[in-house]
Each structure stands twice: as structure tokens, then as C-alpha cells.
Amino acid sequence: MKVQFELNGRLVSATHLPGTTLMEFLRGEEFYSVKHGCDHGECGACTVLMDSRSVNACLILMHTVNGRKIETLESFSTHERLHPLQENFLKEGAAQCGFCTPGMILSLEALDRESGEIDEVQVRDALNGNLCRCTGYVKPVKAALSTLKASRKTGNHEDEGGDS
Amino acid sequence: MKVIGKDTQRVDGQALVRGKPVFADDMQLKDVLYVKILHSPIAHANILSIDVSKAEALEGVVAVFTHKDFKPHYYTTAGQGYPEPGPRDMRILDETVRFVGDRVAFVAAESITIAEQAIGLIDVEYEELPCIFDSQQSMTAGFAIHPSEGTSGIHDVEKNIAAHLDAKIGDVEAALAGSAHTFEGSYSTPFVQMAHIEPHISLSWLDDNNRLVIRTSTQVPHHVRRIVAEVLDIPVGRIRVIKPRIGGGFGGKQEILNEEVVGAVTLKTGRPARIEYTRAEELFAARVRHPELLTIQLGFDESHLLTAIDINILEDCGAYGPHALTVMSVTSQKALSMYKAPNIRVNGDGVYTNLPIGGAYRGYGAPQAFFPLESLMDEAAMEMGIDPIDLRLKNVFEVGDDVPIAKILGEGREGFPMVLYSTEIAACLNEGRALSNWDALRSAEQSGRFRRGVGVAVAGQGSGIPGIDMGAAFIKMNEDASFNLQIGATDLGTGSDTALAQIAAEVLNVSVDKIIVYSSDTDMTPFDTGAYASSTTYISGTAVKKAAEACKAMILEQGRKLLQIDNAEIIDTRVVGSDGQTISFSDICIKSFYTEEQTQIMGSASHLSYDSPPPFNATFAEVEVDTLTGTVRVIKIVSVTDAGQIINPKMAEGQVEGGIPQALGMALSEFMPFDDKGRFTNLDFNSYHIYTSNDMPEMVVRFADSHEPTGPYGAKAVAEIPINAPAPAVANAVYNAVGVRIKHLPIKPEQILAGMNGK
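Heads up: the protein sequence lines correspond to chains A and B, in order. Residue numbering for the first sequence follows my numbering, beginning at 1 and increasing consecutively. Residue numbering for the second sequence follows my numbering, beginning at 165 and increasing consecutively.
This is chain A alone, in the form it adopts within the complex (with noise of 0.2 Å):
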């Protein structure tokens, strides 16, 4: 089966066993931060946008991204730059052993895009669907929290979709 979508900002055809997921498809070509966990959407480490909304990569067919932007984490930073949320999860140490980080990061952006103002209920309502054993989710909420308002703050939040 032939898919033609966006991935990370460039136009890509792949072609795909029927029942393939995204999950299986990025992690072959070496989107290595969509992570594996569950395979059945409720660990939330293969999060990815979908036009812009995060879902679970694993539980996504191949066969319906045709015609979609599929966003992953490996768009979010240049080599000199990070992404003002990735910067806030490493200054907070919201990263521990960084496994459900990407996930995580990706759920934030969604709800950053979707929403205007920020409160930590919405905050932990996006990252729910990302389970993370190591953190207690303390420093993500902060991390989360601290980049959200401060780019409100500022007004450039709609600005801030990646690097895409």
C-alpha cells in the first residue's frame, strides 16, 4: 500500500504492508524518538502529532496518514537550538530517565497550539495519556507550566509550532 503525508515538514510517499502502524513505520526509518512501550495506546511514548493533535503513533494504521502532517520530536530542536519546551524540561530536570520525555513534550505542544490560557488541570490533563514511572510527574507539570505561561506572557505562543 502507497501513503503520500507530511513528515516533520517534507512531503514523503512510503510504501507499507496493510496493518503497518506509524509507530512501526517511524521507528524503521529511524524516528527513534517515537518510543515503543505498549502497542496499544496507553503508555503514550510513541505520542506524535497529527495535524497538529497528539496521538498514539502505535495505534495509528499507516494507511490513514495519507494526506496528513505528522510532526515528531526530531523537528523540534536544530543543532544549536532547542525547543522553548525542551529547554524548560532540562533546566527543570523533568527528564529522568528520558524514555516518555518525547511523548510527554509532544502532548505539551498540542495543548499549547489548541489552547489560549494555560492551567495546571489542563496541563495535566494533556500529559495523562503519557505514563511516566520515574518522575511522579512533578517536574513535567513545572517544566510544562513554566514554558506555557512564559510564552502567553510574552503573546508569541502561536509562533512556536516547531521548527515546521
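No wet-lab data here; the hints were simulated from the structure. Don't take every hint at face value.
Said to hold, decoys possible - Cross-link-like lysine-lysine pairs, in silico, PhoX-like; alpha carbons within 20 Å at most:
#	chain 1	residue 1	chain 2	residue 2
1	B	K571	B	K504
2	A	K91	B	K558
3	B	K640	B	K678
4	B	K432	B	K232
5	B	K170	A	K142
6	B	K755	B	K640
7	B	K504	B	K432
8	B	K725	A	K91
9	B	K678	A	K91
10	B	K218	B	K170
11	A	K153	A	K142
12	A	K142	B	K800
13	A	K91	B	K184
14	A	K2	A	K91
15	B	K725	B	K678
16	B	K235	B	K432
17	B	K571	B	K332
18	B	K640	B	K558
Once you have looked at the hints, place chain B on chain A.
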């Protein structure tokens, strides 16, 4: 201090927040074979016959392995000291299966799909055997789960006792008989799972020199190398084990779970191999926390001082006995290292059942100790009419006290004397009393449907295993006064690489970014027993400190030679002669490489300790109980820890903040029910519920001002201590809210409702 006690960017932080390919599975191996295991669907059976011909005939299947492919050899999957203190009762593949999830066979194929299909094509004829699903029936079942010849170290084969321990000091019976107050209770702690988000994953291949390379998510690379060498009967020197970044371990990766399986495939086929557990396999076929049933008696004199502690332990080891003895000895040791009772006694049996295998899980027996002990202490305080905090303050060990149990109960053998050089448990309790609003909440009238309560519990742990855990470090200097730090110590996601870099930086007067860390590669780094028993900061950290000091001494020596002066000292990053001449670290190294007195400036050291100073913790839980439904919601946790000098505050906080929800899961949300065939039924994260961001209570995490004289810069351990006290604190808070005493975890709403109705 310039670096110690300060937050610093993690040495692996950039890679982690960028999602760089730093985990075990983040690479592609050409011609890799995918390995799948056929797990037993039956809890106890002999394999009468096994026919793999259909599986082998499937296109894309390269190799199928059964017990016929291996000589009977018994080992243990426990990645701990050698010779192992527990039984050797497991084979890579056996003719008998002993729990639902035991290995029957494994397949290597060109794709995961083909491997899965092939597993389904293996025909196995089982002869079902009687099963034990209740540890209380193990000793009297009348049949043995491990009757095979060739096993070793099983305490009593016929009675299914994998391990036994007993120890006593004084005369417990006489002391209890003469006590003004005595209390007794039986408590149980359940099966729970480590539930690291990264599953067990191992890759293997042959390098250009035909050596076996294993890249694996492990906490114990050197134990992996030793055990794989033994099981596959190849020399240690032919194996290289590489641990990249690890997506959480919590003890689950202190096990040699599948490394020998991929190794066998690669050795037989010559091709790279990969095995990764699915989440379901993690839950039913990996390792769990040993459930324990404890009966405790406490005696107090008229002034509420403990006279005696008597502990009986029944530990459920599951089908095999890795960690059987040592988990139980940690339960005993930690329970008897908290309070100074002159008479103590412990008697414990670790027994086999046909249920999943108990392994190492953060706390390692200590959570099983402190739930019973701290619940009964709370009950004693209530009955004697004394504040639970005050009762603990009266009885805890203090600085200078001898902790006698440590000497008689060590890691599977006699231990070493222990004197407390540091404890701030009183400060932890007092700070927690204020932060939890204890006095107001304890006395608040409770009525209506939702009732609040507050409870407290204290706990201790260790800092490495005394006389056993050894870590080594090597440091070499570069021209720009940066240093390569090579350590066997294993960062399993805790940030220990960063903490160890901070220790090196502090010694060498440089910033942390001048320390280039490379860890956990058996070819490239020196030995370390591994990341368990809260050993890395204390043991490996001291090795790093000693290696850095040796390196620094060599810098001074080279500086003296280059300045041609006898008396000199190091100030910042210069060697300064008594005559005022100076030379920078960088110039010393450049000259030492290229022009004068040529040598490599370097240092190496090993460290082993006969001390294992306990970190301490006081946890306060505020809960809300719904008296209509019986559900318990944790509102707030206050956790105050004495971990000695904190090396990196944010990382230490992270350890505590992560340990608490694991403990709350054991108390409230993580259920491992089995059906009547011994099959675990919660095979995904929907049903095995670990804490989510929305489940979390308000968290208040603090550290006491503390200094441990035997630790590197005064540090003790912090990794395991936070997991011990939250469960009993919650149970005690439930009692404070609704008067129901919880004796069995996890807390179920029906327990609460039954308790309330029984009143």
C-alpha cells in the same frame, strides 16, 4: 563546595530532551533475527513432548530452541554478588514449567510476525502437575516444585522452602511477657510490578573478531557478562555488554532476563538477534515484587520504649528463587534497624509457588517490612494514647547507636557491625509535622460522606551492600583540562552519571561540563557490581572521588616537576609554586603529552565499604475517604528525607517524587489478580493501573540537613528510601479518617466499607 549540592545540567540531558537514539533499541542491525519466546500457558507441568517441525518449516524461521538444545545447567537470573546467595534453580529451557509465563521454547525468525506465527506452530504435550497458588500452603503441599537433581542452594526441596533465615538478640519471649504493653498483627503486601515504561530489550551480534556483543537495557552489565558466559559456556573475555541509556529499571533490570536467549541465537546462527518483551509479557513473564506475609509482635515498657520486636516472615518467591534469601533478609534487616529494641527476633521462610517470579524491585524487601511495622506502631500509639510522631521519636536509633542486627544478618551470610554516624530522622519527623499540618488535621472533627485523615510512617534503607558492593572508576586528563571519567556504574535513568561527574568535578576544581562520562560497557569501563541496593552514589561515588584525587595528585606532581620546585599546591585550576610561579592545568597536560616529563595524567580507584549508612525518611499522607463507595484519594504527601549531603538537589527530588507514586500504586491502584489456573489477568496498563498525572496528590519533598562522614562529600543513598513509607502512611491516614485498620494491600474499597460496617 562549588559543584556538590548544586543543580547542574544532566550530562545526558540534551540527548534525552531531543529524543536522540540513545536507548537500546534505537538502532538497526543488518540481517537481524527477531526472537520470540513460547511461554507456558500452564502453571505447573512436565513437557512430555515438544514438536517444532511445523515451526521450523515456516518460511522465515531460522532457528527454534527447546530444552533439548541445552545441557541441563542450573543458574539464577539474579544479577547480584557471586557466588549468589540464593538458590540456583533455573535452566535456560527446562522439561518442567512452573508458572504461567515460564519459558518453553524460543524462535528466531526474519520478522516479529513470522516469529509469533512460529510460536503458535509449536506442539507441546503437557502433563499437568498439581499447583500451589497460596504461599501458606507451600510447605505442606506434599509435593516439591523443584525436585530436580542439579539444583543447588534450595533450603528445603521437599517443603518448597527456597530460603530460610533466623536471627535473634536477647530474649524476645521473656521481654514480651514482661512488657507493660504488647501488640500483635499480621499484614500482607502484594505482587506488584516495576512497570518501567521501556520494556526489557536486548540486542546481540558478533563483532569483527567473532566476539559476542550484547546491547541491553540492564542495571548490571558485569553480572550479565558473567551469567551469559556461564549459561552459554563461553569465556567471559568473548563477551562485551553495553548498557546505553535505560528507560527505567527499578530492579526489574537487575535480572538477566533475556540476554542469554539472544546470545544463544547469535552464537548458533552467527546473525544479530533482538528480543523485546511486549507489555503483556512484562506483566506476566518478567519479575514482580515478592509478596510477604508478616506477623509482628511489639512490646513496650511503661514509658513507651520498645522492649522487643518479633517478626515472622512468609515470602512468596513464585516459581523460582532469584533474590529469595536477600529480599527477605532486607525485610528483616530494615525492620530491625529503625527502632532500638533490646530484644529482637526474626524467623523467615521464602517459599515456592506456581506464580510469577519475585525479583528485585526498588526497596527490595523494605516496603514489605515497613508497611507492617509502621502500621503496628501506629496502632500501638493509638492504644497507648501517645502521638504517633512522639512514639517514633522516642524509639528511633540515634547517632552513635550500634545497630546490632546488621552484624548478624548480612547479604546471605553474617554481616558487618553498624554504627549510625548520621541520622536526622527526628528532624524529618519534626519538619513533616509542620508541613503536613499534622496537629490541626489529626484533631479535626470528621463527619459526612467525605472524611479526611492524616497518617505518618518512617523508614530506612541502606547505601550499598556492605562488604560486597564494589565500584571502580578511571579518569584521564586531556589537554584542555577536560577529563574522561570511565565508570562501571550503571545509570538506569536516575542521573547517576551526572552525580558522579559532579563528584569528579568537585575534586578536580573544574566545571561539570569538563567531565566526559562514559559508563557501563564491560570492554571499556572498569568493574562495578551494578545499579542496585542504592549503591551508586555512595559506593561508585567514593570510587570516583578516590580516582579523581589520584588524578589530582598526579597533576600536582607533574606541575611540581614542570615548575622545578619542591613545594607547590593546587589553587583552582593551577599549580602554584612556593616561589609564586604558576602553571595552568591545561599547560601541565599539554607539556606532559608533548614536550616535557611526558606521561598520561590519570587516576583509578576501586571502592568497597563495610558501612552501609541508612538514609531515613518520614512520610506524611493526607487522604480523603469516600464513606459511600469506600474509595481512598490521596490529597497530599509530605516526604522528608535524610540522604546525607545531597549531590544534586533536583535529581534527588526526582528520586523521591518518582518513588512516591510507585508506593501509592502498591497501596491503592496496582492490582495483580490471578485466576484459578494461576493466570495473571491484568495484562495491560488499562487494567494494571500505575499513577498518571491526574492521579497525583500534592507533593511536598524536602531533605534534612545531614552529613554522612563515610560518604563521598557526606552523601548517602536516595534511590530506594522514598518508596518505603508512603503505603503505611496512607493506611494510617485511612485509620485516622474512618477508623478502619488496613492490614492487606492493596487497599480495596470493599475492605474500607466492611471495616466501617463492622464497627
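Looking at the structure, which of the earlier hints fail to hold?
Hint check: 2, 7, 8, 10, 14, 15, 18 fail, others pass.
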